[in-house]
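As a plain string of letters, each chain reads:
There are 2 protein chains.
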Amino acid sequence: MTVVALSGGVGGAKLALGLSRVLPPEDLLIVTNTGDDFEHLGLAISPDIDTVMYTLAGVANQTLGWGRQDETWSFMETLGTVGGETWFRLGDRDLAVHVERTRRLRAGETLSAITADLCGRLGVGPRVLPMSDDPVRTRVRTDDGWIDFQDYFVRRRCEPVVHEVAFHGAEAADAHPDFLAALADPRLKAVVICPSNPFISIEPILAVPGVRAALADCAAPVIAVSPIIGGRAVKGPTAKMMTELGLTPSAGAVAKRYAELIDGYVVDYADMDQVTAIGAKVTMGQTMMTTLADREALARTVLGAAGVLRRD
Amino acid sequence: MTVVALSGGVGGAKLALGLSRVLPPEDLLIVTNTGDDFEHLGLAISPDIDTVMYTLAGVANQTLGWGRQDETWSFMETLGTVGGETWFRLGDRDLAVHVERTRRLRAGETLSAITADLCGRLGVGPRVLPMSDDPVRTRVRTDDGWIDFQDYFVRRRCEPVVHEVAFHGAEAADAHPDFLAALADPRLKAVVICPSNPFISIEPILAVPGVRAALADCAAPVIAVSPIIGGRAVKGPTAKMMTELGLTPSAGAVAKRYAELIDGYVVDYADMDQVTAIGAKVTMGQTMMTTLADREALARTVLGAAGVLRRD
Numbered sequence: 056m057t058v059v060a061l062s063g064g065v066g067g068a069k070l071a072l073g074l075s076r077v078l079p080p081e082d083l084l085i086v087t088n089t090g091d092d093f094e095h096l097g098l099a100i101s102p103d104i105d106t107v108m109y110t111l112a113g114v115a116n117q118t119l120g121w122g123r124q125d126e127t128w129s130f131m132e133t134l135g136t137v138g139g140e141t142w143f144r145l146g147d148r149d150l151a152v153h154v155e156r157t158r159r160l161r162a163g164e165t166l167s168a169i170t171a172d173l174c175g176r177l178g179v180g181p182r183v184l185p186m187s188d189d190p191v192r193t194r195v196r197t198d199d200g201w202i203d204f205q206d207y208f209v210r211r212r213c214e215p216v217v218h219e220v221a222f223h224g225a226e227a228a229d230a231h232p233d234f235l236a237a238l239a240d241p242r243l244k245a246v247v248i249c250p251s252n253p254f255i256s257i258e259p260i261l262a263v264p265g266v267r268a269a270l271a272d273c274a275a276p277v278i279a280v281s282p283i284i285g286g287r288a289v290k291g292p293t294a295k296m297m298t299e300l301g302l303t304p305s306a307g308a309v310a311k312r313y314a315e316l317i318d319g320y321v322v323d324y325a326d327m328d329q330v331t332a333i334g335a336k337v338t339m340g341q342t343m344m345t346t347l348a349d350r351e352a353l354a355r356t357v358l359g360a361a362g363v364l365r366r367d
Numbered sequence: 056m057t058v059v060a061l062s063g064g065v066g067g068a069k070l071a072l073g074l075s076r077v078l079p080p081e082d083l084l085i086v087t088n089t090g091d092d093f094e095h096l097g098l099a100i101s102p103d104i105d106t107v108m109y110t111l112a113g114v115a116n117q118t119l120g121w122g123r124q125d126e127t128w129s130f131m132e133t134l135g136t137v138g139g140e141t142w143f144r145l146g147d148r149d150l151a152v153h154v155e156r157t158r159r160l161r162a163g164e165t166l167s168a169i170t171a172d173l174c175g176r177l178g179v180g181p182r183v184l185p186m187s188d189d190p191v192r193t194r195v196r197t198d199d200g201w202i203d204f205q206d207y208f209v210r211r212r213c214e215p216v217v218h219e220v221a222f223h224g225a226e227a228a229d230a231h232p233d234f235l236a237a238l239a240d241p242r243l244k245a246v247v248i249c250p251s252n253p254f255i256s257i258e259p260i261l262a263v264p265g266v267r268a269a270l271a272d273c274a275a276p277v278i279a280v281s282p283i284i285g286g287r288a289v290k291g292p293t294a295k296m297m298t299e300l301g302l303t304p305s306a307g308a309v310a311k312r313y314a315e316l317i318d319g320y321v322v323d324y325a326d327m328d329q330v331t332a333i334g335a336k337v338t339m340g341q342t343m344m345t346t347l348a349d350r351e352a353l354a355r356t357v358l359g360a361a362g363v364l365r366r367d
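Sequences listed follow chains A and B, in order.
Start counting at 1 in the first sequence, then tack on 55, and there's your number in my numbering.
Start counting at 1 in the second sequence, then tack on 55, and there's your number in my numbering.
Just to be clear, a hint being listed does not mean it is correct.
[Unchecked claim] Among the chain A residues that face chain B by a calculated CB cut under 8 Å, a handful are: (1) LEU119; (2) SER129; (3) THR133; (4) ALA151; (5) GLU155; (6) ARG161; (7) ASP172; (8) MET327; (9) VAL330.
[As the list claims (entries may be wrong)] Covered by chain B, per the in silico footprint, the following chain A stretches (three or more residues, Cβ under 8 Å): (10) 92-103; (11) 141-148.
Calculated from the structure, these hints are not laboratory results.
Values in this document were obtained by computation on a predicted structure and should not be read as measured data.
C-beta atoms are modelled at their ideal positions from N, C-alpha and C, and glycine is treated no differently.
Bound conformation, chain A alone (with noise of 0.2 Å):
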């Protein structure tokens, strides 16, 4: 494994994409958060395994950023009818991944296990890996109290003001072996934080014990690209939980959110400005990745980064 690349969903599955795309597979290893997963209508759902999943098997839907392509939606539809909940929307061919993933993790299999078995089902190429298979659950304190992820990000679409970001069972939960020993395999060339939101998609991979100290050590650069562009977020609440928390929403300050930790970060060119206020080395690059060619080229940009800060 020469490249670790830590991401969340739609965002850092667009960067994973174009690393799967100018790495051999045998030589990325994706860890995914899994502070997003929950239990819903008896089932085990894992949203960013799932999305890197299936943008990875080029069977994502691209118009929803969630869920799967030719989806069917009757599953739904019959639900509401049955009195069922359906605030958290369920294709009819997710739904194929979740009944399995549940049935599967009941039988005593691993999430790791089986995340590896549907990938190579979907023809995947590249390890896509849980940053752990024990359950880290993120919430957010709100002015209604602590409230859990999804309820915050999907049944109150993200309208709550965030007052802090918690991993509950983080603590308490071991980092995948695998994913420790490829940090530090003196064969890793590079590690990638995609740009994914910090506070809830990145940081719960930091917060699991020994992931933090891992990365501290690690033989290659570890190269952060920014989830803003031009004070913006691409895509979700990255910059409202910004300014919910106190922080100028800009590349800047998610990089010096980042600060111990990186090597070398990765701005859009639209975010010019910001450069002298980072402290790490910074690449500019486009970071909006609209097309195939645009996560490719970032996916370049980022490894060309790394290459330039090649320690050994």
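Given the structure of chain A, go ahead and fit chain B onto it with the hints provided.
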């Protein structure tokens, strides 16, 4: 409650629908076999309850004879691609009921309470009641030993020769108290044994402790409808199983099977030759239910037979 109907799936559901159209909803209690129930893909599936419920709600799939109309199959199609078991077909709409039922059972609700609520939401008038809230599981002994009912019925398409049928858990199950109360009610006018498979649809109900005695003691006549017409079952393995169990597949042989239990027996005009062989008082009618009018007509025939046989 003036009429209690004992029902399995398809054939039973047809007559239950007929009864529901000629009786006020509050006068009809449909007690449903749960011996076919099983856990599959981590979901609690109750095929006979659902067939009765969908039939009475007007949403049953007429073409398939099971499941829901306007069904889509995206879940099943995708489940195959992620390595899930696909031998038991679950439509996307049908799945909503299984997921919601499973969630509510896990939350501690009873099958009967969930069934009542689902029926209410789907607009089913008469009460549909599982024979018991305790699990009863039909198994059949074949040349390969004892196998689960759905394994025999669906996966192996009723192909194995059946030597014996057993109802696992029946001896420890409690008949639903409302079932026993309805049978003990002095206002009861008729008990209808629907034209379902005696061995796998009706006898699981009779195997629950107290049910046979309650039927023997009830104030109303018990009228069975033959599931065999001219030596053949309308649908399903009834005739095949009878032969394998050493019985002649005939309306008369089914009547003998119910011998002590019934006061009246409705057979098709095609089985006129069986009449003298049957001890119970016979009513002739058209038992093949092709149209809705057929279902209503047979319901009237059965209720007429009960009226003739009224004991009070």
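Worksheet entry | Hint numbers not upheld by this structure, sorted from lowest to highest | Hint check: 1, 8 and 9 fail, others pass.
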